[in-house]
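Visitor: What follows is the residue order along each chain.
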Amino acid sequence: MVLGPSGSGKTTLLNLVGCLDQPTGGKIEVCGEKVAEITDDRISEFRAKNIGFIFQNFNLIPVLSALENVEYPLTLLGMKTSERRERSMSILGSVGLSDHARHRPNQLSGGQKQRVAIARALVKGPSLVLADEPTANLDSTTGAAIIDLMHRVQEEYGASFIFSTHDPQLISHAQDVFSIRDGELIEHRSEG
Amino acid sequence: MTTLNIAARNITRNYRRSLMTISAIAVGTMSMLLFGEFVSQIFVSLETQNVTRSGHIALFRSGYFNYGAGNPAAYGIRDYQDVIGLMGEDAFLKPLINVVTPTINLFGIAGNFDAESSKTFVGLGVIPADYNIMHRWDEHHLKLGTTAGDISLNEKDESHGFIGAGLARILGLCETLKLGDCPERQRGDQETVQTKSGRNKRDFSGLEEEAKQTNSDAGNGPAPRLDLLAATANGAPNVVNFYVDKAIVQGIKEYDDSFVIMNFNLAQKLLFGRGEKKAVSIVLQLHQTEDIPVARARLEKLIKDKGLDLETRELTELQPFYKQAVGMFLAIFSFISIVMAVIVLFTVVNTMSMSVMERTQEIGTLRAMGVKRKGIAVQFVLEGILLGLIGATVGIVIGSVAGEIINHAGLTWHPPGQAYPTPLLVRTKGVGHLLFGIWTGLGVMATIAAWIPARRAARMKIVDALGHV
Amino acid sequence: MRNRLFFYLLIMALVTGAVEKAVSGEENRPSAQTVIARSDAVRNPDRPFRLDLRLTEYVNGSERNEVILRVYSKIDRTSGQFKNLVSYMEPPRDMGKAVLMNGTTMWFYDPASKSSVRISPQQRLVGQASEGDVITVNLAKDYSAKLVGPHDGEALNDADRKPRKCWHVELTPDNDGAIYGRVEYWVEKETDRPVKGKFYSDSGRLLKIAYYHKYQEQLGVYRPSEIILIDAVNTKLVTTINSSGHHAMEIPDSWYQREFLPHLKVE
Numbered sequence: 001m002v003l004g005p006s007g008s009g010k011t012t013l014l015n016l017v018g019c020l021d022q023p024t025g026g027k028i029e030v031c032g033e034k035v036a037e038i039t040d041d042r043i044s045e046f047r048a049k050n051i052g053f054i055f056q057n058f059n060l061i062p063v064l065s066a067l068e069n070v071e072y073p074l075t076l077l078g079m080k081t082s083e084r085r086e087r088s089m090s091i092l093g094s095v096g097l098s099d100h101a102r103h104r105p106n107q108l109s110g111g112q113k114q115r116v117a118i119a120r121a122l123v124k125g126p127s128l129v130l131a132d133e134p135t136a137n138l139d140s141t142t143g144a145a146i147i148d149l150m151h152r153v154q155e156e157y158g159a160s161f162i163f164s165t166h167d168p169q170l171i172s173h174a175q176d177v178f179s180i181r182d183g184e185l186i187e188h189r190s191e192g
Numbered sequence: 001m002t003t004l005n006i007a008a009r010n011i012t013r014n015y016r017r018s019l020m021t022i023s024a025i026a027v028g029t030m031s032m033l034l035f036g037e038f039v040s041q042i043f044v045s046l047e048t049q050n051v052t053r054s055g056h057i058a059l060f061r062s063g064y065f066n067y068g069a070g071n072p073a074a075y076g077i078r079d080y081q082d083v084i085g086l087m088g089e090d091a092f093l094k095p096l097i098n099v100v101t102p103t104i105n106l107f108g109i110a111g112n113f114d115a116e117s118s119k120t121f122v123g124l125g126v127i128p129a130d131y132n133i134m135h136r137w138d139e140h141h142l143k144l145g146t147t148a149g150d151i152s153l154n155e156k157d158e159s160h161g162f163i164g165a166g167l168a169r170i171l172g173l174c175e176t177l178k179l180g181d182c183p184e185r186q187r188g189d190q191e192t193v194q195t196k197s198g199r200n201k202r203d204f205s206g207l208e209e210e211a212k213q214t215n216s217d218a219g220n221g222p223a224p225r226l227d228l229l230a231a232t233a234n235g236a237p238n239v240v241n242f243y244v245d246k247a248i249v250q251g252i253k254e255y256d257d258s259f260v261i262m263n264f265n266l267a268q269k270l271l272f273g274r275g276e277k278k279a280v281s282i283v284l285q286l287h288q289t290e291d292i293p294v295a296r297a298r299l300e301k302l303i304k305d306k307g308l309d310l311e312t313r314e315l316t317e318l319q320p321f322y323k324q325a326v327g328m329f330l331a332i333f334s335f336i337s338i339v340m341a342v343i344v345l346f347t348v349v350n351t352m353s354m355s356v357m358e359r360t361q362e363i364g365t366l367r368a369m370g371v372k373r374k375g376i377a378v379q380f381v382l383e384g385i386l387l388g389l390i391g392a393t394v395g396i397v398i399g400s401v402a403g404e405i406i407n408h409a410g411l412t413w414h415p416p417g418q419a420y421p422t423p424l425l426v427r428t429k430g431v432g433h434l435l436f437g438i439w440t441g442l443g444v445m446a447t448i449a450a451w452i453p454a455r456r457a458a459r460m461k462i463v464d465a466l467g468h469v
Numbered sequence: 001m002r003n004r005l006f007f008y009l010l011i012m013a014l015v016t017g018a019v020e021k022a023v024s025g026e027e028n029r030p031s032a033q034t035v036i037a038r039s040d041a042v043r044n045p046d047r048p049f050r051l052d053l054r055l056t057e058y059v060n061g062s063e064r065n066e067v068i069l070r071v072y073s074k075i076d077r078t079s080g081q082f083k084n085l086v087s088y089m090e091p092p093r094d095m096g097k098a099v100l101m102n103g104t105t106m107w108f109y110d111p112a113s114k115s116s117v118r119i120s121p122q123q124r125l126v127g128q129a130s131e132g133d134v135i136t137v138n139l140a141k142d143y144s145a146k147l148v149g150p151h152d153g154e155a156l157n158d159a160d161r162k163p164r165k166c167w168h169v170e171l172t173p174d175n176d177g178a179i180y181g182r183v184e185y186w187v188e189k190e191t192d193r194p195v196k197g198k199f200y201s202d203s204g205r206l207l208k209i210a211y212y213h214k215y216q217e218q219l220g221v222y223r224p225s226e227i228i229l230i231d232a233v234n235t236k237l238v239t240t241i242n243s244s245g246h247h248a249m250e251i252p253d254s255w256y257q258r259e260f261l262p263h264l265k266v267e
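Chains as they are written, first to last, in this note's numbering: chain A, 1 to 192; chain B, 1 to 469; chain C, 1 to 267.
These are computed hints drawn from the structure, not numbers from a lab. Given the structure is predicted, the values throughout are model-derived calculations rather than measurements. Take these hints with a grain of salt, some might be off.
[Said to hold, decoys possible] Below, simulated BS3-like cross-link-like pairs (lysine-lysine); rule was C-alpha separation at most 30 Å, straight line:
#1 B/94 x B/306
#2 C/141 x B/201
#3 A/49 x B/372
#4 B/201 x C/146
#5 C/97 x B/201
#6 C/97 x B/212
#7 B/278 x C/236
#8 C/97 x B/119
[To be verified] Chain B regions said to be covered by chain A (calculated; three or more residues, Cβ under 8 Å):
#9 7-20
#10 258-268
#11 460-466
Every residue gets a Cβ at the ideal spot worked out from N, C-alpha and C, and that includes glycine.
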């Protein structure tokens, strides 16, 4: 978890880790790849395979159904239709949205959308999932449910979650907490 | 869930905007189609008019085309019957040819001296049976002949023929030939008497009668008589009786005021007099216009092999107006096409740009998920193509319907160089290549147009895009 | 025996000779060609000369136009025909204009533009230019003559309605330079004077009728001082050509060139 006030640079940090941005100075190594030195297309491939994202605005593709949104990352990886379909339905089931598979995002509630987003982030079995303020647009009940879900899937699928937040509820679930302020790491607490 | 599928769904996102874009493209397509069909009709009509009148290929003595019009007798083709026979028997040429016939071009003075009128004329001597066959040529099934009325040349009487309506008026035959609209003739300035001895009268009676008699003997039924005077090949004055069966309006005034079409034998008698009887040109009319190059090549070969002193000229050389008219319409059509293409370009660029802007965050998301730059670009380009092709298809369908409506509306117009009001038609048969060209062209245009905003979308910085609300 | 044969032959010769004479009628009937040649000589002097022509055009009998020309004529050695250099004297608007005629070649010079223009045969079909060829033409050179009509001559009224006894001759072209397809010509028997001519085109149509009359002595011979030219195509048109002032003179060949036209000065 990356903790810090607004403007402290947590989004920037997450962006860098997620290989969405390039550092202005210094080096990055993520899961063994020297990210700064390779082409944009290779970075994209890297992200497609290894990194999942969860956004505070859910960022679902509006013209795709819930199932299709979840399938999308697998389509990018060139998976066969049947296998893709199976996996997506399965993970949708895990987040409890099997009944809503055909619904478009505009037919889902905020919490449901975020659950789809989570399913989408995880469907390809990434090593890393980055969540930037995932509960910011949800009420506390829903937010808590989402937090529970993320915890569960993290254990189930074994991905490392990095999320930035200023939601105190989340803190208790974090293994490592990195506090930053003004772009600098000020504290690192680890829960074993 | 193919990219195409997604593109289609994205188009329907902003239903109204997409509809507007498609409509704009459709209207552009329809306009191009209708104008293109209109122009096609003109081409085909012009071609038919010219081919029925002067055939596809003409043979002349070498040098006649550039230098001979002032003295056609000097460029006569001797043994023209042999040359015609040569062409008619050639295994290669024979199946291509509809008519091959000799003609005479000459000029002189046409006089209706009883009415004190005379005018220079330009004459064409043809073999009536051949000429009448030529007139029925209709490769494109236009059935034009029906509007111009029956204009078959008199095949029986050599001394009969037609003249232009303007010439008929000038020679005082307006009423006799039932031209309609015969205003009272104004005489203009008459010659004032300029004699030294003053204004005298003399009585030539008894002497004149003999001269008058020879002409009045030559009565020949209702057709009015003209004197056609011309100089023979040897420079001697010659004159023949010519009976006008009909006055036919020619499209161009200069032509209308001097045109005479007469029997080949009569023209030969007039132009060559007591000298050797020749032809001035040999005209070929083929079955199909597209055969001109091969037929001409074969003719050139025959001419060369036999060592004949002849040259060939084909349709566009014989009728420069035809070539110019075609050129002009093509230029206009090209101009309109460019305008339409630019409109399609701007419309699609505008629509796609708005679309890109609205979906900035979505673009960021896709990129975050691992879509490559090219993938983003392809997505948007595809949407542009879809808009373009749907618009073009709609346009073609509407245009085709509109074309049918126009063709059945009974409209007429006066093309330049045409004497009679012509039905306003657009050509709906045989324009497949036009349809395909427009459709493909606009599709390409839409692709290019979508490429510009698509590139912008692809190049967005992911972080900025994600942060965009 | 031989004597008898000889005698028979002699009788035969005499008889046939007499018959022949009876058939031919008069003694010394000239050939048609000779008649024409002699009529040419009546009209045309045998040396270069100058004369004045008054051409008057009548339409339906009323005078319409008149010009007065001075003509310098000389025989062209190769063709045997006259070449003519014509200068306009009257009316004042035409004064100074000049025309050169040699065979079928005609040049027209206009002092106003100071340029000479070739008049092609196509341009000479009607109008004054078409009248020139009946005046000084030598018919015998370009045409073959044949006597048609009665052997001892045909009675014909001349322009003044006086009956004349004439040879009626038909002329057909001898060469390509001959202008008419056919000519009918009447020459008075005793005097070799042309009385009337009918000129036909190659197509067989009558183009002109010419009457020669008002014979006066000019340069030692009685020549027609007036020719009435009736247009048979434009039948309202009659032209009279009056000649006077015949004057034999030396005329240099150099005058009969286009370049000379601007320099022609008439006294």
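Visitor: How about the stretch 460-466 of chain B: do at least three of its residues have a C-beta closer than 8 Å to a C-beta of chain A?
Guide: n = 4 at 8 Å, threshold three: holds.
Visitor: For residue 97 of chain C and residue 119 of chain B, compute the direct alpha-carbon distance and say whether it is at most 30 Å.
Guide: holds (25 Å)
Visitor: Please verify whether residue 97 of chain C and residue 201 of chain B have alpha carbons no more than 30 Å apart.
Guide: Satisfied, since the Cα-Cα distance of roughly 28 Å is no more than 30 Å.
Visitor: Does the alpha-carbon distance linking residue 141 of chain C and residue 201 of chain B stay inside the 30 Å limit?
Guide: violated (37 Å)
Visitor: Three or more residues of the stretch 7-20 of chain B near chain A by CB distance under 8 Å?
Guide: With 3 residues closer than 8 Å to chain A, the stretch 7-20 of chain B meets the three-residue bar; holds.
Visitor: Below or equal to 30 Å on CA atoms is what counts here, so check residue 201 of chain B against residue 146 of chain C.
Guide: violated (38 Å)
Visitor: Given the hinted pair residue 94 of chain B and residue 306 of chain B, is their Cα-Cα distance within 30 Å?
Guide: Holds: residue 94 of chain B and residue 306 of chain B sit about 18 Å apart, inside 30 Å.
Visitor: Could you grab the alpha-carbon distance between residue 278 of chain B and residue 236 of chain C and see if it respects the 30 Å cut-off?
Guide: Roughly 34 Å between the alpha carbons, so the hint for residue 278 of chain B and residue 236 of chain C is violated.
Visitor: Given the hint that residue 97 of chain C pairs with residue 212 of chain B, does the C-alpha gap stay at or below 30 Å?
Guide: violated (34 Å)
Visitor: Counting residues of the stretch 258-268 of chain B whose CB is closer than 8 Å to a CB in chain A, do you get three or more?
Guide: violated (count 0)
Visitor: Starting from residue 49 of chain A, check that the Cα of residue 372 of chain B is at most 30 Å away, please.
Guide: Holds. Residue 49 of chain A to residue 372 of chain B sits at ~13 Å (cutoff 30 Å).
In the structure shown, a violation is registered for the earlier hints numbered 2, 4, 6, 7, 10, in ascending order.
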